[in-house]
Amino acid sequence: MEVECIPFKETGYFSQLICDYLDRKKDLSPFFNRYPVPENFAAQIREKAANYPKANRSVLVESLKKQYYNVEVSKGTQKNMDALSKETTFTVVTGHQLNLFTGPLYFLYKIVSTINLAKKLNKEHPNHHVVPVYWMATEDHDFDEINYFNLHGKKIHWNKKASGAVGRLSTEGLDEVYEIFVSELGNLGLTDRLKELFKKAYLEHSNLTGATRYLANALFGNQGLVIVDGDDVELKKLLVPYAKKDILDHT
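In the working numbering, the protein residues as written are 215 to 465.
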């Protein structure tokens, strides 16, 4: 297969700010720590090791145990969750909204890229363990951005009145969306497998967080992906000192 690449700035899809960042313009250097290139990962690991308390690791691991309650956990994911308690373990993290039925292909690409980068770093830094993490945007409030997906040129909506954190939304009503999905999908190739996957995700879980966790785990659990729900009281407690400093000291 022949592949031709063009610079991002020539696509017309990205803002000048994004293009400048990708071009590593010096004017932007004061606004972030390090550019994410292979030669900078060793320094990033050293900095994280010196500034991440072991107590925080314990809170994270305990929260993950509770979040994964009643979830079928692969050996790879279990190994990675256990490893997070060790000071030699680090993460590569991607985050995304809880789009219905995975939403845009971008969702899958982001997770695949995260997994691949973690594998690469594990090879290049054998004295450390790197874990791929998908942070679910469970507290996102923009329901209109996630209440639909496109299939065969048709926009399929979840017609529901909603407010607040989307992860807490009941999956009630998604049975109707599922029936439309099944009808549009037809009976080609791996359709039976997809139907079963989405049925278990959206019709056998009570809220959108549980449904999305199941879906991502079913797709990528065998790659050791760890899925985090940020809408967690214990995890939020770790944020409090930083929130106070930001509000009171404007830092």
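Hint data in this document are derived by calculation from the structure and do not stem from the laboratory. Keep in mind that a hint or two might mislead.
With a cut-off of at most 30 Å between alpha-carbon atoms, the simulated DSBU-like pairs for lysine-lysine come out as follows [as the list claims (entries may be wrong)]:
| no. | residue 1 | residue 2 |
| --- | --- | --- |
| 1 | Lys-268 | Lys-240 |
| 2 | Lys-279 | Lys-413 |
| 3 | Lys-268 | Lys-337 |
| 4 | Lys-279 | Lys-223 |
| 5 | Lys-262 | Lys-451 |
Hints violated by the structure (numbers, ascending)
Of the numbered hints given earlier, those the structure breaks are 1 and 4, listed in rising order.
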